[in-house]
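Q: Here's the letter readout for the chains.
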Amino acid sequence: MLTFDHILAHVKESCAHGEPVALENTSPKAIQIPADDLIHVAENLYRHSEMYFDMLSCITGVDNGVEANTMECVYTLYSVPFNSQLMLKVILPRTNPEIDSISSIWKSANWLEREIFDMYGIQFKSHPDLRRILMPADWEGYPLRKDYKQQEYYRGVKVES
Amino acid sequence: MTQQYQYKDTNLILSEPNKFNAANLRSEEMIINLGPQHPSTHGVLRLEVLMEGELVRDVVPHIGYLHRCFEKHAESLPYNQVIPFVDRLDYVASMNNEHAYAMGVEKMLGITEQIPKRVEYVRVLVAELNRIASHFISIGTYGMDIGAFTPFLWVMRDREHILRMLEWASGARLLYNYIWIGGLFYDIPVGFEDRCREFITYLKPKLKELEEILINNKIFVERTANVGVLPLDLAINCGVTGPMLRASGLRFDLRKVDGYSVYPELDFDIPIGEGKMGKVGDCWDRNYVRFLELYESLKIVEQCVEKLTGEHKRSRDFDPQALVPKKIRPKAQDFYVRAEIPKGELGFFFRADGKSDVAFRCKCRSCSFSNLSVLPEISKGILVADLIAIVGSIDILMGEVDR
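These protein sequence lines are chains A and B, in that order.
Residue numbering for the first sequence follows numbering that gives the first Met the number 0, starting at 0 and increasing by one per position.
Residue numbering for the second sequence follows numbering that gives the first Met the number 0, starting at 0 and increasing by one per position.
Don't read these hints as lab results, they were simulated from the structure.
From a predicted model like this one, the values you see are computed outputs, not experimental measurements.
There could be a bad hint or two in this list.
As the list claims (entries may be wrong) - Computed list of lysine-lysine pairs in DSS-like fashion (alpha-carbon distance at most 25 Å, straight line):
| no. | chain 1 | residue 1 | chain 2 | residue 2 |
| --- | --- | --- | --- | --- |
| 1 | B | K71 | A | K157 |
| 2 | A | K28 | B | K278 |
| 3 | A | K145 | B | K354 |
| 4 | A | K88 | B | K71 |
| 5 | A | K145 | A | K88 |
| 6 | B | K106 | B | K255 |
| 7 | A | K124 | A | K88 |
| 8 | B | K330 | A | K88 |
| 9 | A | K88 | B | K106 |
| 10 | B | K330 | A | K145 |
| 11 | B | K255 | B | K217 |
| 12 | B | K379 | B | K18 |
| 13 | B | K71 | A | K145 |
So that you can see chain A by itself, here it is in the shape it has in the complex:
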């Protein structure tokens, strides 16, 4: 089984747009990578026979608030044969956040990315079917953003009673 340092070195190789950073105080261990390198890093982690992260367990969107003015996507990967977990973290700007879709690598990303689009308004480039998934299609705003204010009326019904 590979150690975290090896994985970090591999990730470093496939990053062209900046240095990956190993983060502290996370479990499982996390690496922060530049947003433009995500698809290469993911591809490498998925295909490489020594790492073989074949399952994408979870994608989490995080809004750091208006002051920090950033959003994050956290990918939790799992390797079934090696029983190892890894977190990848990508930081995005809060206005017009955009990132490559990884649903061409892991099919489970399809719905998980749709959910993040629904809740945070992060656009996933080249996603096959980016629609709202939990909220109604004509709902306004992105509910999990920290500065979200719900609309006053939805179809003539007052939202807040």
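Since the structure of chain A is already known, use the hints to place chain B on it.
A: Chain B only, in chain A's frame:
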């Protein structure tokens, strides 16, 4: 003040529009709408089915009808007050959800090692009882989807015993709020262990009956074997977990892999699908794996009762709330915890900022959500009747899909 909903035909189309446009279909194609109110969709799942003659060409699940903003609630309530919301995720297996959530927060606080063994054994005992109840629902309603009504009533009768026992322990039949961060609401009542033993003796012959009337029933086998085969590589790629992944032939159970709680001290097996009636990973296999897990859960219950009356037996000075923290404030960190609930891997992603008692972000990775996303992949070129069989075999629970 009463409010009037403005009814317009266009409103319905706007809120949850179909993916396929009926105007662009070829002459042999048509769209069938299934649900959201239909018994065989197990709640409020809507399926938009594109048919080509009698064959299904594509299925588009529409979800979100039971969305209750769990993640938004979890961002505004202290950790201990989120537990009732966690109950309502997978509402037929609340104990398992609570166990996963409490375990995650305890690990963040770093008090996992201090939790008394008796508390952990009680947690595992009630969680496994609830796992049996959840699998009963799954197997029973699956039989009903296929057309067997009797087994449904039989398993509901047996499930009632479990619900009464859990009501005795916690005071509620479905949504317990029993497992707290750092302990339990109460110790189990006096006589609970004996009742568990009675229940095990009662249930074993009933499982034999269930196997004869449903699992090995010729009509049931004909309807489910070789239907909806899910290959292992596709299952892993789609993030499928739980009995569905095991039915595809991988011996993967987080209770063994991660070995959390007291599971390493307990002796149980992990059944996998072997393609006994058809191919590995078909609907029959998925249902059969759940059925075999009933026996494994019974084994665990038996061992827990053994421990709770022997090594970690009831004592006067035992207080299950002794370690419940007054203030739950984990240090700043990102934490992903996962645990095996009846339907698969339940994960929670926490971000604590170290400054407040409220999670900055709490994401729930639900297994039914990921398991359901595989449906369009395995239901191409089948009949509508088989689609019902596949949806039933996934064992989705809309409370958990929509959160």
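Q: Now look at each hint and say whether the structure bears it out.
A: Each hint, compared with the structure:
1. K71/B - K157/A: holds, 20 Å
2. K28/A - K278/B: Measuring from Cα to Cα gives roughly 39 Å; hence the hint is violated.
3. K145/A - K354/B: Roughly 17 Å separates the two Cα atoms, so the pair holds.
4. K88/A - K71/B: Given pair K88/A, K71/B holds - Cα atoms ~21 Å apart, limit 25 Å.
5. K145/A - K88/A: Holds, at roughly 19 Å.
6. K106/B - K255/B: holds, 18 Å
7. K124/A - K88/A: Between K124/A and K88/A the Cα gap is close to 17 Å, so the pair holds against 25 Å.
8. K330/B - K88/A: Cα-Cα ~19 Å, so holds.
9. K88/A - K106/B: It holds: about 21 Å lies between the C-alpha atoms, which stays within 25 Å.
10. K330/B - K145/A: holds, 21 Å
11. K255/B - K217/B: violated, 34 Å
12. K379/B - K18/B: Answer holds: K379/B to K18/B is near 16 Å, not above 25 Å.
13. K71/B - K145/A: holds, 10 Å
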